[in-house]
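Each chain, written out:
There are 2 protein chains.
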Amino acid sequence: MELPNKWYNILPDLPKPLAPPRDPEGAEEEFSRIELLLKVLPQKLIWQENTVERWVPIPDEVLEVYKEIGRPTPLMRARRLEKLLDTPARIYFKYEGATPTGSHKINTAVPQAYYAKEEGVEGLTTETGAGQWGTALALAGAMYDMPVKVFMVRSSYHQKPYRRVIMRLYGADVTPSPSEETEFGKKVLRENPDHPGSLGIAMSEAIEYALKRNWRYGVGSVMNFVLLHQSIIGLEAMKQMEEIGEDPDVLVACIGGGSNFGGLVFPFLGQELQKTKDPKKKRRRYVGVTPSEVPKFSKGKYEYDFADAAGLLPQLKMHTLGHEFTPPPIYAGGLRYHGVAPAISLLYEEGWIEIMEYEQKECFEAGRLFAKAEGIVPAPETNHAIKAVIDLALEAKRKNEEMVILFNFSGHGLLDLGNYQSVLGL
Amino acid sequence: MELPNKWYNILPDLPKPLAPPRDPEGAEEEFSRIELLLKVLPQKLIWQENTVERWVPIPDEVLEVYKEIGRPTPLMRARRLEKLLDTPARIYFKYEGATPTGSHKINTAVPQAYYAKEEGVEGLTTETGAGQWGTALALAGAMYDMPVKVFMVRSSYHQKPYRRVIMRLYGADVTPSPSEETEFGKKVLRENPDHPGSLGIAMSEAIEYALKRNWRYGVGSVMNFVLLHQSIIGLEAMKQMEEIGEDPDVLVACIGGGSNFGGLVFPFLGQELQKTKDPKKKRRRYVGVTPSEVPKFSKGKYEYDFADAAGLLPQLKMHTLGHEFTPPPIYAGGLRYHGVAPAISLLYEEGWIEIMEYEQKECFEAGRLFAKAEGIVPAPETNHAIKAVIDLALEAKRKNEEMVILFNFSGHGLLDLGNYQSVLGL
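Heads up: the protein sequence lines correspond to chains B and L, in order. All letters in the first sequence, in the order written, are residues 1 to 426 by full-length UniProt numbering. All letters in the second sequence, in the order written, are residues 1 to 426 by full-length UniProt numbering.
Warning: the hint list may mix true and false statements.
Identical copies go unnamed one by one, so any copy, or any two together, can satisfy a pair.
Okay, derived cross-link-like pairs now, EDC-like style, lysine to aspartate or glutamate, Cα gap no bigger than 20 Å in a straight line [unchecked claim]:
{"id": "1", "residue 1": "Lys280", "residue 2": "Asp13"}
{"id": "2", "residue 1": "Lys160", "residue 2": "Asp194"}
{"id": "3", "residue 1": "Lys212", "residue 2": "Glu272"}
{"id": "4", "residue 1": "Lys282", "residue 2": "Glu362"}
{"id": "5", "residue 1": "Lys83", "residue 2": "Glu64"}
{"id": "6", "residue 1": "Lys67", "residue 2": "Glu82"}
{"id": "7", "residue 1": "Lys361", "residue 2": "Asp249"}
{"id": "8", "residue 1": "Lys281", "residue 2": "Asp13"}
{"id": "9", "residue 1": "Lys83", "residue 2": "Glu61"}
{"id": "10", "residue 1": "Lys83", "residue 2": "Asp145"}
{"id": "11", "residue 1": "Lys6", "residue 2": "Glu272"}
I should point out that these hints are in silico values taken from the structure, not numbers from a laboratory.
Chain B extracted, bound-state conformation:
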């Protein structure tokens, strides 16, 4: 299959204009988050964040790397799972676990590294918790021959040594955060030399490190340009479904910051938005899945809140549990984020998206069923989507109706087997 050569941008098709990012009240007395953002991101990404062009060309150099990392990823049918559930539903999944770093994160890491390189930037920083995003940026940096420095939350650094190893194999410099390498890190360590770290602290260190040299900062989710890059998933899936004469009735993806959900869903949802702005007329269902432990839709508010725990980035209008929300220590680290991408929030508010919530244990059980049926072990995040898919397939069975389900298999769980062991007692 030919790779799509443009990303899809949902902004011009939204039923209402998106509320813009803003500085918090009183920012003039401290500093402008918007100006900070303009300094730490490549200029091209700032443009992509705001553009209302529906189609954004993918540079040839990025397409080339997309091919090298195995794009298009396979569209697979979970026939054995269907059989096990004895359902009339047909279950398809887009297998993002097939990329070398094992998740969809690489789809945006590659263009972020490319644009930075193109603008003469000399290196990239980011923060990472569970490690998926840091791994993706580490490889993207290696592919464009650019140094990458990852500030890894100290507790994760020690609890997840394998993630650290893979980033270092890719040549990245991985530093436990808080560190002595930034003023902010030093300050934290002076107050508490044994500080276990947090994503907010690691992000502050990464941004400070980038600002002090000709480096830029990599963003793993939430922002419009990240969802734009991830649209490659849905665009490929649309072509692949067409090739086999299928069209999904229901699309499913888990939601952390929203990049794997937006990536799969927006190209399909956008097709409908181009015909009608009335959600009652939509033909397909768009299902986002969140952990019950992080109920940002059912218990969160739709309001302006900081995009990050540290309050260094601008405020976004989104469904949020508050940027100081401390999520319970569920293993699906990628779903612990307090908010969700503004475009997804708006579409939920307007009735285009429905949300299903599940608890950790039932999600791991769903993952076990999937692994036994299909042989592929899903990441804890992906298990949430799978749990919803199973429930939808059983609903189709009860109603005895055909249903074509397409879900985003956002990542494999080979580095998360210890989590299965803990939750399922294996």
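Since chain B is already given, all that's left is putting chain L on it; use the hints.
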């Protein structure tokens, strides 16, 4: 690409007939290993072990499952590695890491489970050390809805919990060996309740367990029928190379029992054997790679020896370090076997195969280089092949000559990152 629908059997093309398996001298006073083997294997495999038909049809039901596990696996070109080495060589690899269990082992696990099921067998047992083989048989059993019991060497059971978890996710019953579940295990535990176990003990337990019920025993390497099944790798690679107009000058694979080497190499080598029995006239080079720590070719003898450490299986004529050889604790567990498949031994003896030996550290360094260049982390076993490929590519550079290299990427190293950490200090 259409999947090949026949496996290739090199037996009829060998320059000399293969010496048959035999019982040890004095076996009549104890028991016949050959008769034991006939009891614990499905009948169809016994037939495949001895047949001199060149092409053996792959059952439709096996082809179907081969497709489900992602066959044909991708043929990839390591362009970034070529660039990094600044070599005129073109480096291709057959990516067996793309299967759900992450290595080539599933290629033989599937037909072994299929034939057992077809013959009305009710379950499968095997032993596993590092866990690759146990994982593959666990999934194959799940796919044919047959229980699988894996006796896992007790020390590995505790040192490699992730492997245990993945086998259990596939529904297998994983028992640390020595166990209380067999007479042999009980006897060992009576002598030493803290016995760390060994592959020989685990194998004895697996065979005893199968013999006592209507179950059969799964074999991971060495035997002719295993290499037959693995020929799917080379047959696919041959088609894939033809499609892009290439023909390899050198084929490379690591050698443990020999199944990934035979799998890739035999279809190519067999083509030449059908034209000449004179190794001086061969067009391609066939390179096997072994650890310096297990020098079965350079320091081993070519003679009859037990196939297994416990002396339960028949003796085979092969290059061997002696079945009581204790390999150093290198991380490439799949390469620690004392002998090598008889057909590979014969071809080495006759001058068709050359052997390269490398030490653990330089192999992990090669794996690091590959991971950084290509994004894919190789298993410790595969690193041996990669080290040889790098040396061959540098040889091509020195001589400034074109060289088309094809190697077998036998498995990914995502469950072996701890080994990289230990060896490279990451």
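Query raised in the report: Which of the stated hints cannot be reconciled with the structure, identified by number in ascending sequence?
Result: Checked against the structure, the hints that fail are numbers 3, 4, 7, while the rest are satisfied.
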